[in-house]
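One letter stands for each residue in the lines below.
Number of protein chains: 2
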Amino acid sequence: MDDPKPWLALARAPGLHAGRLDPSVDPLALAGESRTALAALGFSEAVIAALRHPDAGSIAADERWLAGTGRRLVTWGAPDYPPLLAGIPDPPLVLFVEGDSAALSLPQLAIVGSRNPTALGRDTGEQFARHLAAAGLAITSGLALGIDAAAHRGALAAGGRTVAVMGCGLDTVYPREHVALAREIVADGALVSDLPTGTPPLKQHFPRRNRIISGLSLGTLVVEAALQSGSLITARLAAEQGREVFAIPGSIHNPMARGCHRLIRQGAKLVETADDIFAELGALLDGLRAQAQTEATGIATVSGPALDKDYEILLDALGFAPASIDTLVARTSLAADVVASMLLILELDGRVAQQPGGLYCRRLAGK
Amino acid sequence: MDDPKPWLALARAPGLHAGRLDPSVDPLALAGESRTALAALGFSEAVIAALRHPDAGSIAADERWLAGTGRRLVTWGAPDYPPLLAGIPDPPLVLFVEGDSAALSLPQLAIVGSRNPTALGRDTGEQFARHLAAAGLAITSGLALGIDAAAHRGALAAGGRTVAVMGCGLDTVYPREHVALAREIVADGALVSDLPTGTPPLKQHFPRRNRIISGLSLGTLVVEAALQSGSLITARLAAEQGREVFAIPGSIHNPMARGCHRLIRQGAKLVETADDIFAELGALLDGLRAQAQTEATGIATVSGPALDKDYEILLDALGFAPASIDTLVARTSLAADVVASMLLILELDGRVAQQPGGLYCRRLAGK
Numbered sequence: 001m002d003d004p005k006p007w008l009a010l011a012r013a014p015g016l017h018a019g020r021l022d023p024s025v026d027p028l029a030l031a032g033e034s035r036t037a038l039a040a041l042g043f044s045e046a047v048i049a050a051l052r053h054p055d056a057g058s059i060a061a062d063e064r065w066l067a068g069t070g071r072r073l074v075t076w077g078a079p080d081y082p083p084l085l086a087g088i089p090d091p092p093l094v095l096f097v098e099g100d101s102a103a104l105s106l107p108q109l110a111i112v113g114s115r116n117p118t119a120l121g122r123d124t125g126e127q128f129a130r131h132l133a134a135a136g137l138a139i140t141s142g143l144a145l146g147i148d149a150a151a152h153r154g155a156l157a158a159g160g161r162t163v164a165v166m167g168c169g170l171d172t173v174y175p176r177e178h179v180a181l182a183r184e185i186v187a188d189g190a191l192v193s194d195l196p197t198g199t200p201p202l203k204q205h206f207p208r209r210n211r212i213i214s215g216l217s218l219g220t221l222v223v224e225a226a227l228q229s230g231s232l233i234t235a236r237l238a239a240e241q242g243r244e245v246f247a248i249p250g251s252i253h254n255p256m257a258r259g260c261h262r263l264i265r266q267g268a269k270l271v272e273t274a275d276d277i278f279a280e281l282g283a284l285l286d287g288l289r290a291q292a293q294t295e296a297t298g299i300a301t302v303s304g305p306a307l308d309k310d311y312e313i314l315l316d317a318l319g320f321a322p323a324s325i326d327t328l329v330a331r332t333s334l335a336a337d338v339v340a341s342m343l344l345i346l347e348l349d350g351r352v353a354q355q356p357g358g359l360y361c362r363r364l365a366g367k
Numbered sequence: 001m002d003d004p005k006p007w008l009a010l011a012r013a014p015g016l017h018a019g020r021l022d023p024s025v026d027p028l029a030l031a032g033e034s035r036t037a038l039a040a041l042g043f044s045e046a047v048i049a050a051l052r053h054p055d056a057g058s059i060a061a062d063e064r065w066l067a068g069t070g071r072r073l074v075t076w077g078a079p080d081y082p083p084l085l086a087g088i089p090d091p092p093l094v095l096f097v098e099g100d101s102a103a104l105s106l107p108q109l110a111i112v113g114s115r116n117p118t119a120l121g122r123d124t125g126e127q128f129a130r131h132l133a134a135a136g137l138a139i140t141s142g143l144a145l146g147i148d149a150a151a152h153r154g155a156l157a158a159g160g161r162t163v164a165v166m167g168c169g170l171d172t173v174y175p176r177e178h179v180a181l182a183r184e185i186v187a188d189g190a191l192v193s194d195l196p197t198g199t200p201p202l203k204q205h206f207p208r209r210n211r212i213i214s215g216l217s218l219g220t221l222v223v224e225a226a227l228q229s230g231s232l233i234t235a236r237l238a239a240e241q242g243r244e245v246f247a248i249p250g251s252i253h254n255p256m257a258r259g260c261h262r263l264i265r266q267g268a269k270l271v272e273t274a275d276d277i278f279a280e281l282g283a284l285l286d287g288l289r290a291q292a293q294t295e296a297t298g299i300a301t302v303s304g305p306a307l308d309k310d311y312e313i314l315l316d317a318l319g320f321a322p323a324s325i326d327t328l329v330a331r332t333s334l335a336a337d338v339v340a341s342m343l344l345i346l347e348l349d350g351r352v353a354q355q356p357g358g359l360y361c362r363r364l365a366g367k
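Respectively, the protein sequence lines represent chains G and X. Position one of the first sequence corresponds to residue 1 (my numbering), numbered consecutively onward. Position one of the second sequence corresponds to residue 1 (my numbering), numbered consecutively onward.
So that you can see chain G by itself, here it is in the shape it has in the complex (with noise of 0.2 Å):
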């Protein structure tokens, strides 16, 4: 990236985000646009302010964090911005990541949910995780206590994948129990936060927080919640977002059920195993598929280079379901070693991605 202070400014002006910007807008330019220009755009005085006199001391402040290990901004239309993400309706312009960035875009589900679950509940919560984490799924939460860091734990169990979305900036972790399992999530994933360095997790963040969670992933399950519970804001926000949303019944004793049965009662797919989620995800990879080749032949996207013909073979033979080099052996009749140095190319290319067990899978397309 060239210098980031532009980006930096753009991250600490309060509730901007991309979808207040029109399209044929470089929201690097807002910086230099006068006073009027931006009243005219409809800015508060607040994202005035910051943008034309961002905070030099603040901004230097993310620059030194930036500059630790494994640290990056991923900002608004750069080929690496998680394209679920960008299709929700307030896209940030700005990602502060730790750890892997490119797990921000792998196929995800959230998994929230009570921070105070029965203990059968952060079971069931850590064993989905774990479960759909084998099965090549990211698990995407929050870093709570109890279903957010069972969460966390089944899909770094697994040897998977998973992204903590933080609400404060991430040079705090918070809460302080869950410091280690940062360190564990930053190893084989990402922590990620559109909150610039030195943000607190007040509660007023959680929301703009839970808009991530959900925005980035597939689907969003909630495995115990009561009706209270900041998860059903999660689950409200990915319906509005117009993903899926996944609830697992309880006994109605358990007033950590009650969240989930009115979630269920709304719509919510009920959820009983994890086939149930694969059943609905499996038709949602479809219809993504679709969706892109429409738009691809509608209009003329730059996507990538076109592909050699064996290489749209392979990737026919390895359709949306993971499969090993062996399998793609049998399907395609091309030579094993052909196929992995062909799986590498499209893997650099950013068109499928190992997952634990040497399974090989497609990636979204135009990523």
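These are computed hints drawn from the structure, not numbers from a lab. For clarity, every value in this text was computed on a predicted model and none was experimentally measured. We put the beta carbon where it would ideally sit given N, CA and C, even for glycine. Incorrect hints may have been included.
Beyond 12 Å from chain X on every Cβ pair, some chain G residues (computed) [stated by the list, open to error]: (1) A46; (2) L73; (3) T172; (4) A180; (5) R208; (6) L281.
Facing chain G, according to a computed beta carbon distance under 8 Å, are these residues of chain X, among others [to be verified]: (7) L120; (8) I248; (9) G250; (10) S251; (11) H253; (12) I264; (13) R265; (14) E272; (15) A317; (16) G319; (17) A321.
Please arrange chain X on chain G, whose structure you already have, making use of the hints.
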């Protein structure tokens, strides 16, 4: 009633019901029709034989049974034929009734479920029946072991009305364990069957019994049911009859919740409290609901007199799905022998119940 013999002959015509007859046809006139005329109406040889040559010995047995106290026939088209049952596609021409036949025409809810429920499921069924009966709904079920019996008992405990529909002739009580319960039901409601005396409780009679359970009722509530449960047949029949279907969700780790979850996926209303049922039954029951609010505040939750702290910890660890002693030891860090003796005390105290497989589950307080 005039001579019951022609109706008793109709009751013994296999598979004949009011849905098979043109509304203009007087069922009693069928016996006088010629063989050819009956064949032209599409009746089978067995039906024609039963109508033209009724078995005098069997009918005499029915008449002897009817001569007993509190027994009567309720016949198609009579003023006391239950109006909701008359609205199903295949209403019985004859109902054998013992007890108060007027109970059949009360606004009623069917409560059905597994013959082998969890202890908490049984308690839940009884509590719902108690609360709904106290609010003025009659409770209809099938006198089977498990949830059915709990439903009848709950209604009786509330001083309410209850109707038991049998899959055999009323000269038999099946299962034998419920002879005393059947006597209580006769005193405060009714036993009913469309099967004549001497008919054994064969498995193939249960679907036709189930259509009467759902057909008498405004809706059917399934409390706990495995995927193979006959109560799912009752629920399907209720839906086909245009009646409401209600199901109580449960832990995904409880096999007795699977049938209820299937029903919810298929569109059954998810029920957590009796108010959810009142809300659906709506205007029909506004008066009853007002009465309910004065008589009870809600279905009991799991609570009771204060417990010692370690017991609270153990109950919290037990949660709301069956768990083994090993699981509870892992969750509480208490020693296994301590957990075992605490469970024994909680069992004697009616707060937990032991299940097959050495699993323990919570019960509703005060049971």
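Results of checking the hints against the structure:
no.: 1; hint: A46; in the structure: holds, 44 Å
no.: 2; hint: L73; in the structure: holds, 41 Å
no.: 3; hint: T172; in the structure: holds, 31 Å
no.: 4; hint: A180; in the structure: holds, 21 Å
no.: 5; hint: R208; in the structure: holds, 31 Å
no.: 6; hint: L281; in the structure: holds, 17 Å
no.: 7; hint: L120; in the structure: holds, 7 Å
no.: 8; hint: I248; in the structure: holds, 6 Å
no.: 9; hint: G250; in the structure: holds, 5 Å
no.: 10; hint: S251; in the structure: holds, 5 Å
no.: 11; hint: H253; in the structure: holds, 7 Å
no.: 12; hint: I264; in the structure: holds, 6 Å
no.: 13; hint: R265; in the structure: holds, 6 Å
no.: 14; hint: E272; in the structure: holds, 5 Å
no.: 15; hint: A317; in the structure: holds, 6 Å
no.: 16; hint: G319; in the structure: holds, 4 Å
no.: 17; hint: A321; in the structure: holds, 5 Å
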